[in-house]
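Take 1 as the starting number for the sequence shown in the numbering used here and just add one per residue.
Note that these hints are calculated values from the structure, not bench results. Hints may be right or wrong, so weigh each one.
[What the hints assert, rightly or not] Computed cross-link-like contacts, SDA-like style, restricted to lysine to any residue with a CA-CA straight-line distance of at most 25 Å:
id : residue 1 : residue 2
1  : Lys-37    : Trp-25
2  : Lys-18    : Met-35
3  : Lys-37    : Arg-61
4  : Lys-37    : Tyr-57
5  : Lys-37    : Glu-22
6  : Lys-18    : Ala-40
[To be verified] Cβ-Cβ distance ranges computed for the label pairs, FRET-style:
id : residue 1 : residue 2 : range
7  : Gly-24    : Leu-53    : 38 to 44 Å
8  : Asp-15    : Asp-54    : 26 to 32 Å
9  : Lys-18    : Asp-54    : 39 to 45 Å
10 : Val-39    : Glu-60    : 45 to 51 Å
Glycine is no exception: its CB is placed at the ideal position from the N, C-alpha and C atoms.
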Amino acid sequence: MSLDRPGHDQRYAIDASKIAHELGWVPQETFESGMRKTVAWYLANPTWWQAILDGRYQGERLGLSQ
């Protein structure tokens, strides 16, 4: 949410019609399928989000080898 304009976040939505027309790009997911996959990921990875809720996550990137 934009703190300076509460409720106006919708104006930042992406219109992909230009890239679809000029490059032939099409999204691989619909909004609905993307949301289902996102929810499924969070349900399958509680150790990741639990660290956020517990205050243990310090912003480091996880899952990357050094």
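Hint-by-hint comparison with the structure:
1. Straight-line distance between C-alpha atoms of Lys-37 and Trp-25 comes to about 21 Å, which keeps the hinted pair within the 25 Å bound.
2. With a CA separation close to 24 Å, the supplied pair Lys-18 and Met-35 stays within the 25 Å bound.
3. A hinted pair counts as satisfied when its Cα atoms are at most 25 Å apart, and Lys-37 with Arg-61 qualifies at roughly 21 Å.
4. Annotation: proposed proximity of Lys-37 to Tyr-57 holds, straight-line Cα distance about 23 Å (limit 25 Å).
5. With a C-alpha separation of about 28 Å, the suggested pair Lys-37 and Glu-22 falls outside the 25 Å cut-off, and the hint is violated.
6. Straight-line distance between C-alpha atoms of Lys-18 and Ala-40 comes to about 31 Å, which puts the hinted pair past the 25 Å bound.
7. Our hint of 38 to 44 Å for Gly-24 and Leu-53 holds, since their Cβ atoms are close to 42 Å apart.
8. Separation of Asp-15 from Asp-54 is about 39 Å and departs from the stated range, judged on CB atoms against 26 to 32 Å.
9. Between Lys-18 and Asp-54 the Cβ separation comes to about 43 Å, which falls inside the hinted range of 39 to 45 Å.
10. Roughly 24 Å separates the CB atoms of Val-39 and Glu-60, a value that falls outside the hinted 45 to 51 Å.
In terms of the numbered hints stated before, the structure departs from hints 5, 6, 8, 10, listed from lowest to highest.
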